[in-house]
Every structure is written in structure tokens, then in C-alpha cells.
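6 protein chains.
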Amino acid sequence: MRIKIIIPNASKEFLASQIEERRRAARHGVDLDVICLSEGPVSLESGVDEALIGLALLTEVRKAEQEGYDAVVIDAATDPGGRAVREFADIPVTTGLESALLYALSLGDKISVVTSLENSARLIKDRIRTYELQSRVASIRFANVPVLDLGHPARTVKEILKEARRAIDEDGADVIVLGNTGMSTVARMLQEHLEVPVVDPAVAALTLATALVQMGLSHSRRCYLPPPEKDVLGEAFKDWEF
Amino acid sequence: MRIKIIIPNASKEFLASQIEERRRAARHGVDLDVICLSEGPVSLESGVDEALIGLALLTEVRKAEQEGYDAVVIDAATDPGGRAVREFADIPVTTGLESALLYALSLGDKISVVTSLENSARLIKDRIRTYELQSRVASIRFANVPVLDLGHPARTVKEILKEARRAIDEDGADVIVLGNTGMSTVARMLQEHLEVPVVDPAVAALTLATALVQMGLSHSRRCYLPPPEKDVLGEAFKDWEF
Amino acid sequence: MRIKIIIPNASKEFLASQIEERRRAARHGVDLDVICLSEGPVSLESGVDEALIGLALLTEVRKAEQEGYDAVVIDAATDPGGRAVREFADIPVTTGLESALLYALSLGDKISVVTSLENSARLIKDRIRTYELQSRVASIRFANVPVLDLGHPARTVKEILKEARRAIDEDGADVIVLGNTGMSTVARMLQEHLEVPVVDPAVAALTLATALVQMGLSHSRRCYLPPPEKDVLGEAFKDWEF
Amino acid sequence: MRIKIIIPNASKEFLASQIEERRRAARHGVDLDVICLSEGPVSLESGVDEALIGLALLTEVRKAEQEGYDAVVIDAATDPGGRAVREFADIPVTTGLESALLYALSLGDKISVVTSLENSARLIKDRIRTYELQSRVASIRFANVPVLDLGHPARTVKEILKEARRAIDEDGADVIVLGNTGMSTVARMLQEHLEVPVVDPAVAALTLATALVQMGLSHSRRCYLPPPEKDVLGEAFKDWEF
Amino acid sequence: MRIKIIIPNASKEFLASQIEERRRAARHGVDLDVICLSEGPVSLESGVDEALIGLALLTEVRKAEQEGYDAVVIDAATDPGGRAVREFADIPVTTGLESALLYALSLGDKISVVTSLENSARLIKDRIRTYELQSRVASIRFANVPVLDLGHPARTVKEILKEARRAIDEDGADVIVLGNTGMSTVARMLQEHLEVPVVDPAVAALTLATALVQMGLSHSRRCYLPPPEKDVLGEAFKDWEF
Amino acid sequence: MRIKIIIPNASKEFLASQIEERRRAARHGVDLDVICLSEGPVSLESGVDEALIGLALLTEVRKAEQEGYDAVVIDAATDPGGRAVREFADIPVTTGLESALLYALSLGDKISVVTSLENSARLIKDRIRTYELQSRVASIRFANVPVLDLGHPARTVKEILKEARRAIDEDGADVIVLGNTGMSTVARMLQEHLEVPVVDPAVAALTLATALVQMGLSHSRRCYLPPPEKDVLGEAFKDWEF
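Protein chains in written order, with the working numbering: chain G, 75 to 316; chain R, 75 to 316; chain W, 75 to 316; chain H, 75 to 316; chain C, 75 to 316; chain F, 75 to 316.
Looking at chain G on its own, in the form it has when it is part of the complex:
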């Protein structure tokens, strides 16, 4: 099984810091490639950031399908490009937040998401409403830690842990979902300190992609209809062909 992980930002440093973690999370028999975008913001923390990556993300998804991958992972915890990438692809596409929430649903009644910034928290709230999972989410908390610092777990884990504890003690969380990919080290440190399950969205998205391929399932084309063909004008779209 061949899976392509697309980190939807343009930071090659972040990419380099993540490859080993993803290989560690892959189960035996999964052939993995991890890339990032060739252009766009160096991190994904706002609606503006997400609005800027549309073309590059769709281009990479198309390429992955053409290259014969069995599934694509959009490796971000705010689930950018959800409907568009599934309209566009026949192979399964998974994203960090949705995957983590689905596994978390099986582990306890109430889930709290803890993320780095309030901007990201707002994006996550939007997604949870789109998924209609509000009643299972106890809270969405943020720790005021910029995404690009997330590679330095010593600094980050303390702040995240504080919010996770409040989620458990004050909000009634049974399960913690991390609201960022690129936090696998943080996730493991958190799990050592917390008595509830901690779900890492990067791991969850890869695991879900693997499971869907294993089960022979992909997203419903009744839900994600292929887009109507049409002219797309402008220099930026000169290589675009649908």
C-alpha cells in the first residue's frame, strides 16, 4: 500500500522535521512519501493561510492520484480543502482533525481539542460544526504557542498540558485531541502525563488512510460529486486541466 502525505504548507524545514515521525507511525507494509507544497504560507494557522493554498494543494492531490498512490493524507489539523480535494480525487483522502475526532469518538463521550493558537481554534470550531459533532466536543482550547515552535517540545508541552488538564478537570473531557499536526513528540509526552487517551491528528490521519485502503473504501461520490468542467482563466492556472 502506497500512501502520500501532503503537508499543506511551504516550509521545507517543517517537512524535514516530520518525516521520521510519520514513518514511525506507519504500520508495517505501508510505503510512505511525505511532501510539502512548493509555494504558499510556511505554516497554516488562519483562514487566510488556508485560502492561499487552494491551487497548490489540489495540484498535489491530482499528482498523487496520477502517481498511483492508494490514498492521500492532508497532514494538518484544521482540515484544509476538505470538500474540494474529495471532489477531485477517487482515492481516499484523510485529514488530521476529522481522523482524530473519529478515533476519539470511540474512546469516550466527550472530546476536547487543544491547539496552539486562537486562530486555529476558530478554524477547528468551524470544522466541528461542519461535521455536526458539537455535542461530543467538550471544548476547544488553545495554548498561545506558534505552530513553528511546535518542534521544540520542551517549551510547548507545558502550555499544552495546562490546557489539556483544564479540559479534563473543568470541561469534562474524556479524550484529548491535539489540534496540530507536527506535535507527535508533544503527544507522547502529554500521554505520559495524562490519564486519558491523547490522539495525535498526524498519526490518526495516516492510520485512517491505511484502514480505508485496507477495507477497500473511499469517500462517497454521491456526497463529493466531480466538479463541472469549465474555463479557468489566468496565468496562474495555465497548467490547470481538469
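Watch out, some of these pointers could steer you wrong.
[To be verified] In silico DSSO-like links for lysine-lysine, alpha-carbon gap of 27 angstroms or less:
hint	chain 1	residue 1	chain 2	residue 2
1	R	K312	G	K312
2	G	K312	R	K86
3	C	K232	C	K199
4	H	K232	W	K304
5	R	K137	G	K312
6	R	K199	G	K199
7	F	K312	F	K86
8	C	K199	W	K199
9	F	K86	F	K137
10	H	K137	W	K312
11	H	K312	W	K312
12	R	K86	G	K304
13	H	K199	W	K304
Keep in mind that the hints were calculated from the coordinates and are not lab data.
Assemble the complex: chain G is given as a structure, and chains R, W, H, C and F must be docked to it using the hints.
Coordinates of chains R, W, H, C and F only, in the frame set by chain G:
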């Protein structure tokens, strides 16, 4: 009061067909400019289409704010770019679907949206879940009429009317919201045939923008936080400065 | 455009204190008349108060329609008489709470209503359930200030402001809706102190009425059916004719 | 135990037709009085009808409490005056729809209400939203039978039965709640024809009042606060003293 | 009317302590028998406890129906065996939590349940979701008092009272439902200290059973279908015959 | 990784027919054992059936944990014993319906469950309410095929297919979840006929168990608290020790 209407596609023909309708809908004292995007798809009917317009739409919103407009209308009924454009702007930004739904909420218990294509209907469903207005929406129907034909009302109105009638008779709709902008003529013809109110999203978005300016209100910056500054790499973003 | 504002209590002093505010809120070209009821409670703060104004309110709405007004505003933030007045009238009828909520929905995810008394807060909660907007309402708070003191903003604004701040900081409100009409001065003072939008229900109801007339829309007669004709017995109803 | 049933319309004929039915429904040991209003509409079928009975209904509730009754039943299936009468009274007050729904909740998952007219169906929908019981209600149907014909069960039962069958077969109703009081004969005939429980709101409201008195319970004064004292102006209110 | 109360645990001491309370709660004319199970856990505080009583509980319900009782009460506040016992019986079956919630719904907007242990609180949360009554429940609190101590009200009432006060002051509860049967003395003491209604599930379940028999109603067989006949293997089921 | 699948009925024939299917669904590296209960009903189709298996199911789960398995699958699509088995075990426990729903959530907006009998459909409805996933479920349909016939796919698939088609065409299902385990052949045949994904609960539960072990996750002990120790009386429980 100066309002800029941004039609978020790249069809100058569609733009030309709409300007007179928007002026007709503007109340006395509103100084109106209507533009479309310089690049991108020629119509907006899918998640893919929406994913492609991010940069162009944000660029136009920034320009409108710099030019001193009091409000911006994103003239589309699938509400593309919602969070991003509001993170980015201090002036009020309205969109077709949300505006039409809010006015419709004041007119009856249950609303049905009737749009052109199933692809658009799926986008509208996503938005309604994001707005958490599902319980007030009786149904979302589509008539299988491509958007670019919407200028030919004779052909379109019959199909739309059929779905609107089913919304009223079978789904219990008290109010009809049209699920496309560029249908103002259709809207008027529908209203002649239907005994329930018909809300035109193009008219609603302009009216809401006008009302917000009049009341001195704009979107909450607690909800739509300014995005963190960061590097955005690539040729396409060379003029980008946040 | 001619709009009649009906303040649904019998206090001529309150009426006198409000006329200037309403004229200030009306946009150019709106011909405005503001009245109160000839009998009934001098303020509206409870279900009992609301139950006592039925006949007088319906009588005034009918009179307004006969006099040729284009719309009627029921100028109160607990939305008394909602269904009855719309069964009874063909012209648009707007009310303070519903209008303010609808505009607020366009400005942020979560709304808090801050009103004067707990009695009013309970009425507002009932209405929000009827409108099925609970999921968008963060909280309904009250400041223990009697309605008839609301003309003295120095005394009132401090208490209201305290509750509005708690709504923002503790309840997560993105937008504040005032839970009383007759607070326009308070609303402006609050807006100076708060970083989130503050919606005045008196202004919102007038603005919505204006917008509906402008768009040629009125409430759905499928939802608000004309009442069946029937005998109404008793001296109090001797002038009643439906 | 002494219970007063207030039929909230002004039809002495309807009153006369109901007394025997209520006595039949009362359990041993309940001392029952049944009255109607001295003025107002002769039947209750619309929001307008309900708006007209406020003063008369509150007057009767106050009188009942002063006379020492242990509970009051508002004998109507659209639950008029709900909050006001409970603000006003310390003794338990029950109403037809709410009582019937609560008993029905214990009998099956999904409830359908079948009432006489579409106007009443709309009032019932409003109430069910106020009670936040939408998810347990499969449908609200109406049979186009005027309330005042309900005494003639031969004519009525056929139409009601047809709608009840559709509620069961098409809407998935497990339990039928009749949406009118004054239908006890109809209820019994229906029960003979239907394999699911049929709940009569007149019987339910009396049974609930009896149960609350038996358990020593009345409505929460935290929820239904006593109304603030105030001047009530006008001839109609000259005897009003709170 | 003959009603059988089944306390679904195997503690004869607990049974002995409850009989007098149940007789006190029964209205005149109700012929009452109170039993407990012959085997199983001595108290019911967890999902495990509930999973162990299936056979014994069904056996007692069948026996009660064969003995000609008019209704059965499952005297526990976590509503064990709900669907199974109703599939199995034609006579009405009531349970503590559901009965208490339904009466509480008629008394105020928001209900809090206060129970003994967190384990029980979790079971109660599951049930409330099954009943789809979440939006009417303000909170479910527990006081860390083992069930078998509940007979000693002096020790228990203080802890329960503390949680009930927090439910009212912090969670906005209008009505308190006790989350244990076997607390009737506690319930009365609580009611003396609290200004909101306190509903005892043991009393409520008996009162509801009585009311259903009085109204001639039992659970819907459309909802609770008789189970398909089949072989049940094993020594434990040798007397089982359906 | 060692996983034990417990089929929670006592039919050795059914067990024999399923072992090969489960091995086929297991991914490489999973060491699988499949058992059924030693006593109890031969199939699981009703609440009564489920109530009878409590002791046997808990006994098998405890045994599996003692034997060192990494996870347990309760191989049934009505998710019997959910809370109890998780209170009891530290290793992950998955069930058919919940697992299938979670994977289905990732594949489309609306899910329909198609099961064999109306009795099972009712159990499934109860579970979906407990999981608070109603808004994502389009319908729950049944085909009137007894469970024990499910091994004969030629007879079964036609009826199931008919209901699945109606779910897609009439109810708007994007994804089909089969509402029985023991249908893997049926699932594959269905998938050949349907253009939407078909999720087999037996495969989903095994895949989820595998994924949880792989990610090092198990259910939250904050949600599923260990049960209080206590006496369990009676011959049937003589070997019971918690």
C-alpha cells in the same frame, strides 16, 4: 455610503449581465461598484472552483478596503471565503447565502434553498451546518440548470419553480431562498408564481451590507482574528503583503 | 416608505424619551411614527405583562395597516405577540430581539444577550428556543436594572457593561445583543467600551423593517395563516371585528 | 384534592359538553370544578385567539388560587398563557399539550400530534420548540376539522384517524397525541382503531395536575419568577391588582 | 389497581428499608407489592452491575405480568433494562430516572440530576442521551456517597445538598431530580432546604405507573416489538420460555 | 498483535460460518481468535436477547484480557454491552455499529444503516442516540430477513439491496452501513451493485481494534470508570470475582 460588490468568478460576461440588477437593488444614497475577479474559474459551482479563487478574492477585498469602501459584498450564494475575508478586513463583508438566510429567518419557520446544481447544493449544505441553521432549513433542492444559463430566465424559471413548489408542498417550506446570485430576474418571476416570500441572495447581501454600514456595525474581531504574519513563498504571492 | 413603531407598553413618558432616538436610527427617506399603547402595563418585563397587552397590541397593528403604513415595528426586546400580529397583518412586522439576533448572526459565531432583569431574561430564553437559535447563543445575562431606569444611562451602563464583559470573557460571546429597547444611549456607550459589536434591538427592528419593505418582502402566509373568523364575546371586544 | 379546570374560551356550550368527560377522567378523591372564561373568543385556534384571552385567563387563575384549589388545569391543547400563569400562581398549573407530550414520552420514541386545523398545528409547533422536544416528535398533522365540530365524533373521527394512520405509517409515530381538548370521545374511538397508544390532552392535563399535587410538587419559582409590580393603566384593568 | 415494584438488586436489607417509603408514596386505592431480585449484585451502580441482572429482571417482570399486576415499576434511577422489559411486557413498565425527568420537565426549563457516585452519573448521562433530553438537562452531578449508605440520611443529605446548590447556582437548574431511588428521606430533607422542586425517582416511577394504568395507556408495541422467538442455550436459561 | 473476536451469541454454527471471513478481513500481522458464547440466545435481535448475555459476555471479555489479548471485538452490529465491557477492561473493546459509523462518517455526510429486522433497527436507533450521531444518520432501514438466514446471501442480498437503494434515493444516504455482522459476503455483493461505499460492521470493528492497538490507545477511564466492588449473590455468579 460606498459599497463594492465582488462577483467571485472571472466571467466578464456574467459581470456585465449583473450590474444593472445590482443598481436596481441598491437603495437611494448607496454608491455602488461591481467587479469580478481578474483570474479564476468563470463560474462558481464546486468546492474545486472555490479552492481556486482564494488569492484573487483576498486581493480584491484588500483593495476594496484600501480604496475606502464602507462594505464589501461577496456576490455568490455558496459564501466562498467566509472566514478568510473577515479575518482580513475591518469593514463589513456580506455573502449571498448567509444574508438571504438571515432575512428569511424573519419571514417564516422553515426555509428551503433552491439552487442550480447538485454540486452547489452540497456546498450550501456545508455552509448551513457551519451556520448551525439546519433546524430552520426544510430542504436544499437543485434544478439541474448550469449557472451560466441563469441569464436566460425563460429556460431556468420553469425548473426552479418546480423545485420550489415541491419544497413548499412536500418539505414544508415557508420561505424560498434562491441558491444562486445572478438570478434576480428569475427571483421576480418566481415571486409572481409563489405565495411565499422568495429571497434573492444578491439583493439580500447588498441590503445587509447597507444595513450594517447604516448601524455602524462590522464583524466581531473576537470571532475573526487578524491572521498571524508570516512568509508566503512562491511567485504567485510575490505581491502579497499582509 | 412609512413605518409605524409601536412601543407595546402604556407609558407616555417612556414614549417621549424614545422618539428622538428612533428618528436618529431611521435612514433617509423613512417616514416614521412612534406610538405607545393606550392601556396596559407601563413597562414590559414579564409573561404577565405580555399577557395583558394582547388586545391593545392587535388593535394598534390593525390600525397601522389600515392607515397604510408599509411596515410595523413592535419596539420591545422580548418580542411580544409574535405569531398573533403576523397572523393578523399582511405588512411586515419586526420585533426587537429577533431583528437584533439576525443581524448579530452575521457578525460572529456566538451571541450573548444582556438584559435588565431576570424576568426578561427568562422571556428571551423562551423566544430563542422558539427561534431554534440556542446553539448560536452563548448566554443570556441580566444586570438587575429595572426597565424604567434605562433612561438614566449613567446608572445603567456600568451594570450592563459588567455583564457584557463577563459574556465576552467567560461565555465566549463574539457579539453582544442588548436585551431591552429604550437603551440606545446605553448601546452607544457600551460600544465605546467593548471591542465586539453591540446590537441595539430598537435600531435593529427598525432597520429590518426598512430592509424588508425595500426588498418587497413580508412574512410567509404559509407560516402565519389568517385566523379563522369567530365570535368574540364580552364588552372589552365590542369594537373587535376581524 | 380540589382541582379547577379552566377551559380558556368563552363558549358555555362547549363547557357544557365537556364537564361529564372531565369527571369521568378524574380519579377517585379528586374534587373537580370546570369553568370557561366569561369573555373572549368562543374557541381557541390561532395566535390571535390566544392573544385575546390574556387578562381573562390570568383573572381566573388568580381566582382559583384564592379559592383554595390545589391545582389548575388550562384545558387546551395549544398551551395558552404558559409562562404568565405560572409566574402568577404558586399552585401547579398544567396544560393539555405539555401534559400529553410528557406522558407520551414514556410510551415510545416518536410522537405525532394530530390536531384539527393548520392554525392550531402552527401553535403546537411553536410550543414544541419552546419545550425543546422536536427530536422526539415525528410530525404534527391536522385534519381540517373546525374545533367546534369536535363534539360530533362521527364526522371528526374519520378525518383524524386518517391523519393518525399516516403519522404511524409514513412518519414513524410510536404514540399519537391528540392536538385538541374536547376530543375525549374521539380519543376513545381512535384508540379502538389504532394499535399505538393515543393520549388525550384533556385527560393528561388533569392526570398530571393530580400527580403533582399528590407528590407535593409545583413549578419552579427560579424558572417562573413572580412578575415585578407596576401600574397597569386603562379601564379594562381597573380591577387588576397584583 | 395492583402495582408491583421490582427493586433490581439482590439486597434484602435495602428492600426492607424501602417498603414503607413506597407505601407512603402510593395513592389511595393502589395495591402495592415490593420485591427485590433473588440473585445479582446487592446494589446497582455501574454498567457491569446492570449487565448482570438481565435474566433475573426479565424473569421478575414476566412473573408480575402473569400474576396479573396492572403495572410494573423498575425501582432504580439508572433505568436498567429499559427496552428489554418493554419488549417483554404488555403492561406498563416505569423506571425511576425517566419518570422523574418527565415530571421535572413540567416544572421548569432546566433540570439537574444529583446522584451518589460518578459511575451512576455516567449511566444517567447515557440514558438522557437515549431519551434525547440533553437540552433540558443543566447538569448531572454526583456526591461521592455509596448507594448502600443512602439509608443514613444524616450523612448523605449534606453532600447531596451541596451538589444540588451548585446545580442551582452554577448550572442554572430550575428543578432537581435525585439520581437514586432509596433516597425518599433525603428527598424530603432536601426539599426543606431548597427553593426549587425536588423530584424523587422512586415516587415519580410509582406515580407514573399509577397514572398510566388510570389513563388505560401502556407502551407502544410499534416501538417495543415483541422479540423473535429463538433457542436460548445453557443451564442458566433452562426455565426460560418466551 | 493478538485480537480476540467475541461473537455474542451461542450459535456454534454461526461461529463456524464467520471465522474465515474474519481472517480475510484481518491485516497482515494480526493474530486472531474468534469465539462465541457458551450459553445464551443463538442470535442477537432484540433487547431481550441482549439482556440475557450480560454475564457470559463479561466473562469472555475478562478471560480475553487475562489471556493477554491486545484488544477485544464484540462482533455484533447492535453494540451489546458497550459501557459494561469497557468499565471492565483496560484493553480496547470495539463493537460493530460504532466502528462502522465512525469509518462511514469519514466517507460522506449522511449515513443509512440497513439491517435485517425491525427489532434490530430499534436497538440501532437507541445506540445512535447514545452516540449523539442522529444528525449524520439519514435513515435506519430493515429488510425483514432473519439473522440466521444471513449466511445465505442469494436470498438476503436482494432484500437488503432494495432497502439500500431506497436509503440512497429517498433518504439521501451517501454511505451505507450494514446493520448486521455475519454479512460480509452480502456486503461485497452490495458493494458491487451500489455506487456508494458500503461499510461492513464486522470488518470495521476488527479494523478499528487493530488501529487502536497500533496507535497505543484504549478507551478513557474517565468515561468508563472501574465499577465499585460489591457482593454479587446467587449460584450463577459463584465464579464471579471482580
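Item to check | Restraint status (C-alpha distance of K86 of chain R to K304 of chain G at most 27 angstroms) | outcome: 15 angstroms, holds
Checklist entry - Hey, K232 of chain H versus K304 of chain W, does the alpha-carbon distance stay inside 27 angstroms? => result 25 angstroms, holds
Item to check | 27 angstroms Cα cutoff - pair K199 of chain H, K304 of chain W | outcome: Distance ~23 angstroms between K199 of chain H and K304 of chain W Cα, so the pair holds.
Checklist entry - Is K312 of chain F close enough to K86 of chain F, meaning Cα to Cα at most 27 angstroms? => result Satisfied, since the Cα-Cα distance of roughly 25 angstroms is no more than 27 angstroms.
Checklist entry - Given the hinted pair K312 of chain H and K312 of chain W, is their alpha-carbon gap at most 27 angstroms? => result Distance ~18 angstroms between K312 of chain H and K312 of chain W Cα, so the pair holds.
Next on the checklist: Hint check: K199 of chain R vs K199 of chain G, CA-CA at most 27 angstroms. Holds or violated?
Outcome noted: 17 angstroms, holds
Checklist entry - CA of K86 of chain F to CA of K137 of chain F, is that 27 angstroms or under? => result This hinted pair holds, its Cα atoms lying about 19 angstroms apart.
Next on the checklist: So if I understand the rule, the pair passes when the alpha-carbon distance is 27 angstroms or less; does K312 of chain R with K312 of chain G pass?
Outcome noted: The hint holds at about 18 angstroms.
Checklist entry - CA of K312 of chain G to CA of K86 of chain R, is that 27 angstroms or under? => result This hinted pair holds, its Cα atoms lying about 19 angstroms apart.
Next on the checklist: Run the distance test for K137 of chain R versus K312 of chain G: straight-line Cα separation, threshold 27 angstroms.
Outcome noted: Holds - the C-alpha atoms of K312 of chain G and K137 of chain R are around 25 angstroms apart, at most 27 angstroms.
Item to check | Distance restraint between K199 of chain C and K199 of chain W, which requires alpha-carbon spacing of 27 angstroms or less | outcome: 24 angstroms, holds
Next on the checklist: Please verify whether K232 of chain C and K199 of chain C have alpha carbons no more than 27 angstroms apart.
Outcome noted: 23 angstroms, holds
Every hint, counting from the list given before, is met by this structure.
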